[in-house]
Amino acid sequence: MTQFPYSSAAMTRNSTTPMTSNSVTFASVDDALDSFNRMLQMNPRPSGVKFGQLVSSLVRMKAFQAAFYASKRMELAGVPHDRYTLGLMLRCFCKLGRVDFGYSVLSKAQKLGIQFDDVMLSTLIDGLCKVGKVIEAARLVHKIRILGYQPDVFTYTIIIDGLCKAGQTSAGLELLKNMKEFGCQPDVFAYNSLIYGLCISSRINEAMELFNKMVDKKIMPDTFTYNILVDAFCKEGNVLGAKVILKMMIQRGLLPDNVTYNSLMNGYCLRNELDKARKLFDFIDNRGCKPDVVGYNILMDRLWKAGREKEAREIFSRLSRDNCLQPNILTYNIAINGLCHHGFVDEAYDLFRKMEANSCLPDSSSYNVIIHGFLHHKDPLEAINLIHEMVSKGFSADLTTMSLLIELLPKNQLDHPIVQKLLNGPNIKSHEIVSSDLSAAATQGTC
DNA sequence: AACACCCTAC
Numbered sequence: 001m002t003q004f005p006y007s008s009a010a011m012t013r014n015s016t017t018p019m020t021s022n023s024v025t026f027a028s029v030d031d032a033l034d035s036f037n038r039m040l041q042m043n044p045r046p047s048g049v050k051f052g053q054l055v056s057s058l059v060r061m062k063a064f065q066a067a068f069y070a071s072k073r074m075e076l077a078g079v080p081h082d083r084y085t086l087g088l089m090l091r092c093f094c095k096l097g098r099v100d101f102g103y104s105v106l107s108k109a110q111k112l113g114i115q116f117d118d119v120m121l122s123t124l125i126d127g128l129c130k131v132g133k134v135i136e137a138a139r140l141v142h143k144i145r146i147l148g149y150q151p152d153v154f155t156y157t158i159i160i161d162g163l164c165k166a167g168q169t170s171a172g173l174e175l176l177k178n179m180k181e182f183g184c185q186p187d188v189f190a191y192n193s194l195i196y197g198l199c200i201s202s203r204i205n206e207a208m209e210l211f212n213k214m215v216d217k218k219i220m221p222d223t224f225t226y227n228i229l230v231d232a233f234c235k236e237g238n239v240l241g242a243k244v245i246l247k248m249m250i251q252r253g254l255l256p257d258n259v260t261y262n263s264l265m266n267g268y269c270l271r272n273e274l275d276k277a278r279k280l281f282d283f284i285d286n287r288g289c290k291p292d293v294v295g296y297n298i299l300m301d302r303l304w305k306a307g308r309e310k311e312a313r314e315i316f317s318r319l320s321r322d323n324c325l326q327p328n329i330l331t332y333n334i335a336i337n338g339l340c341h342h343g344f345v346d347e348a349y350d351l352f353r354k355m356e357a358n359s360c361l362p363d364s365s366s367y368n369v370i371i372h373g374f375l376h377h378k379d380p381l382e383a384i385n386l387i388h389e390m391v392s393k394g395f396s397a398d399l400t401t402m403s404l405l406i407e408l409l410p411k412n413q414l415d416h417p418i419v420q421k422l423l424n425g426p427n428i429k430s431h432e433i434v435s436s437d438l439s440a441a442a443t444q445g446t447c
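Once you know that position 372 of the first sequence is 372 in UniProt numbering, the rest is easy, because the numbers rise by one and skip nothing.
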């Protein structure tokens, strides 16, 4: 095992990936940032390549905000960007939903005389799709083709995925034909995107046809393919269909994973078979393939909804006791919602306030859930304060929350100054606030 | 160095 030389914390290379000179893995985001801070203080400073490796490790941990900051600090410290670090920065912006800054990375590359490549363009196209700008993304593909870039199987798959998620599955199927005509062979990724698109548009029969077609073409379905189909059958309440797919999956030599089990558990719950769902949960637990956070979330939510309070609470505390698992934001939102619906609003509020300390910042859903709790069961005036707090943090109260507030608030409170402000003042869109720091960096002309 | 699946609020 090779040690990254700037780290005091224990650090491992990912044993499942080949050991390459530019891949380095940290145990946690904090470890990576500690290492980064040490590197910045060193004299002489480590090479740009080492900084690039570090930023890359943050990106692989999906710590995009941290990766962006690191990359920015590296730049301010005078370490020059190269094609690699600019590509990472672009990826961070796109993953954070800031394609606008993504474009500025490209112009920055141009200014620095760094030629951007197909990978960077594909990253940008994916960023556009992910913020719902599929048409702009498709136009960009057209434009780059004119400029002489050849879209490859990645680029096409990104657009197909974007079209499917925008509800344009038929256009996605059309693009599958077109890419073949352009000499680009679709792979398992492209088929998975389309099968997923057909499933979420309730076209499960066509999804199965496409599945058979890909097998005919000797493109081997993988775990993702089977998971998509298992989930689709489960959501239809057709657990028998789901089991057929599961059997096919196992016959192919693929093992069901947490995603498969979670979908099945969800399927049983939707059929009101909560006790198979529980059995399945315990079955996974006894198999060495532990339930993951999502599994806990699904089961806890369905138990709350079935009014099985004691069991729902037990699932939550079991998750909190598990050393390997961390409740995520959805865990809290589900628990808060369940508590509120059963009248435990004070307890829900305590949990809401504990989120931050447990390194889970409340999001707009957390606020909406607790505010609904207050509106329904307790004190509409307290709800006003919370709405004010959420808006001041840059989240928007959703329409349901606002209309519920107006409905439930005593008439003599409607002219409450905070209420008037909420009703008249423009709410700040969350995405404009979440990355206000990114905006600051952008307006300084540095990115 | 770019792409895919499972969980919340009405």
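A portion of the hints provided could be inaccurate.
Restraint ranges, calculated between C-beta atoms of paired labels, are given here [claimed, not checked]:
| # | residue 1 | residue 2 | range |
| --- | --- | --- | --- |
| 1 | 415 | 41 | 52 to 62 Å |
| 2 | 343 | 30 | 35 to 45 Å |
| 3 | 385 | 185 | 56 to 66 Å |
It should be emphasised that the hints constitute simulated quantities derived from the structure, not laboratory data. In this text, a Cβ means the ideal position worked out from N, Cα and C, and glycines have one as well.
Each hint, compared with the structure:
1. 415 - 41: 52 to 62 Å: 57 Å, holds
2. 343 - 30: 35 to 45 Å: 39 Å, holds
3. 385 - 185: 56 to 66 Å: 58 Å, holds
Of the numbered hints given earlier, the model fails none.
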